[in-house]
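Generate the whole structure from the sequences, applying the supplied hints.
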Amino acid sequence: MTNKDKKMEVLELFGVEMWPQEKIEAFRAALLSWYDIEKRDLPWRENHDPYRIWVSEIMLQQTRVETVIPYFLRFMELFPTIADLAAADEDMLLKAWEGLGYYSRVRNLQKAAIQIMEDYGGEMPKDPAEIRTLKGIGPYTAGAIASMAFQLPEPAVDGNIMRILSRLFEIDADIAKPGNRKVFEAVLREIIDPYRPGDFNQALMDLGSSICTPKNYHPENSPVKAFNQSYINETWEKYPVKSKKKKAQPVFYAGVLLRNEKGEFLLEKRPEKGLLANMWTFPLIERPDFEQQLFSNGKLKGTVPAAITDNIVSELDKKLTANYHISLVLMKRPLAEATHIFTHLKWTIAVYFGRVEKENSSELPASCKWVAPEDFQHYVFPGPQIKMWEAYQKKFKHKSSSF
DNA sequence: AAAACGGGGGA
DNA sequence: TCCCCAGTTTT
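Just so we're aligned, residue 1 is where the first sequence starts under the UniProt record's numbering, counting upward by one.
There could be a bad hint or two in this list.
Unchecked claim - Quick list of the computed label-pair ranges, beta carbon to beta carbon:
no., residue 1, residue 2, range
1, L78, D41, 19 to 25 Å
2, T235, H344, 31 to 37 Å
3, Y120, E291, 48 to 54 Å
4, E291, S314, 33 to 39 Å
Said to hold, decoys possible - Taking lysine to aspartate or glutamate pairs in the EDC-like style, the calculated list, with each CA pair at most 20 Å apart, reads:
no., residue 1, residue 2
5, K95, E77
6, K247, D174
7, K225, E38
8, K273, E98
9, K7, D174
10, K135, D49
11, K182, E17
12, K215, E237
13, K111, E130
14, K95, D375
15, K318, E268
The hints are simulated quantities; they were obtained by calculation from the structure and are not laboratory data. Note that beta-carbon positions come from the ideal geometry of N, C-alpha and C, so glycine has one too.
See below:
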């Protein structure tokens, strides 16, 4: 069986009716002439530099264009070439990414830069299959680089494109199912413009961000409405078909701000694997019982019996003393709450404050440090940490002493 | 195939 | 406030 037959089989399997060649060509012309007028001016579109396109595509994963632009410009100043990226200090790299989220993206970015230095003489490979082997580059990004930097007719299927294609062709495949991506790739391979594949892919992305949006969708405004099967058939409200994901699981913590006599706070570096790897937070102690004891509907209760708060403080005290070899005085009640929602977890943190009267620095775990607030800027803080610190500052903004 | 992995914008 | 956005790696 030829490749052509295989592609057609996928399309048939999902009930996709491919357009005749003339319609495909008319669609390309309509889409590209719209793009030539309406395309967004973006810093990574200034040229076809594969490095710039690559970095921008990684930043744009799960992140909006407006958010990415300042990060991208700063990143290019700090690490102008693949060689600079490969040689960069990891802390500097992470700092440059701070606030963008999904921090494994930047770690993989550097791993890939090192791969490119070692295996490809510092030049991004042109073969899509080779691009695909680089760390952090999956089918979407490989297609994006191949088409935009090297003008190869490769599909780059992201959520936007699945949404657009499902509306254009009335495709019923659930776009939430990873396995269904191949349908959209097969469709895109059929219709992609062979002369301007990079522009074609980018035109679809611009269409997805401006007109073919997830919500407030008005197909009558689309430059390609004449090709839009779901618009013609008035079925467009059905597309894309997308199953729901389950919501974030709640997790409860005590987050403890510990201040020593020098005015420094105890920071702890998270493990090098897992959530928020290698980032710094105030000590966090998981407390499943807080859901009942301290919170109602995710908010701190107004009143909590003294017997309960006393018991919690005594347990926290014991744990902190054992972990950090300090002697301390904790506030009786949390001074605030901080919440942070991840894709799969919802953290609710009761923020405590404590004064440390005696510390044994020789027994402080290697992952911990006493740091003055002026020096916080040198540490990479994830969202929950920033919220804990803001909660503390808000509480004590107008007071000189602690309690 | 499903879960892990952040943060921000909009209704 | 809740809901939504979505690509790659790991399990």
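Here's how the hints hold up against the structure:
{"no.": "1", "hint": "L78 - D41: 19 to 25 Å", "result": "holds, 23 Å"}
{"no.": "2", "hint": "T235 - H344: 31 to 37 Å", "result": "holds, 33 Å"}
{"no.": "3", "hint": "Y120 - E291: 48 to 54 Å", "result": "holds, 51 Å"}
{"no.": "4", "hint": "E291 - S314: 33 to 39 Å", "result": "violated, 20 Å"}
{"no.": "5", "hint": "K95 - E77", "result": "holds, 14 Å"}
{"no.": "6", "hint": "K247 - D174", "result": "holds, 18 Å"}
{"no.": "7", "hint": "K225 - E38", "result": "holds, 16 Å"}
{"no.": "8", "hint": "K273 - E98", "result": "holds, 17 Å"}
{"no.": "9", "hint": "K7 - D174", "result": "holds, 19 Å"}
{"no.": "10", "hint": "K135 - D49", "result": "holds, 19 Å"}
{"no.": "11", "hint": "K182 - E17", "result": "holds, 15 Å"}
{"no.": "12", "hint": "K215 - E237", "result": "holds, 10 Å"}
{"no.": "13", "hint": "K111 - E130", "result": "holds, 15 Å"}
{"no.": "14", "hint": "K95 - D375", "result": "holds, 14 Å"}
{"no.": "15", "hint": "K318 - E268", "result": "holds, 18 Å"}
Comparing the model with each earlier hint shows a violation of hint 4 alone; every other hint is respected.
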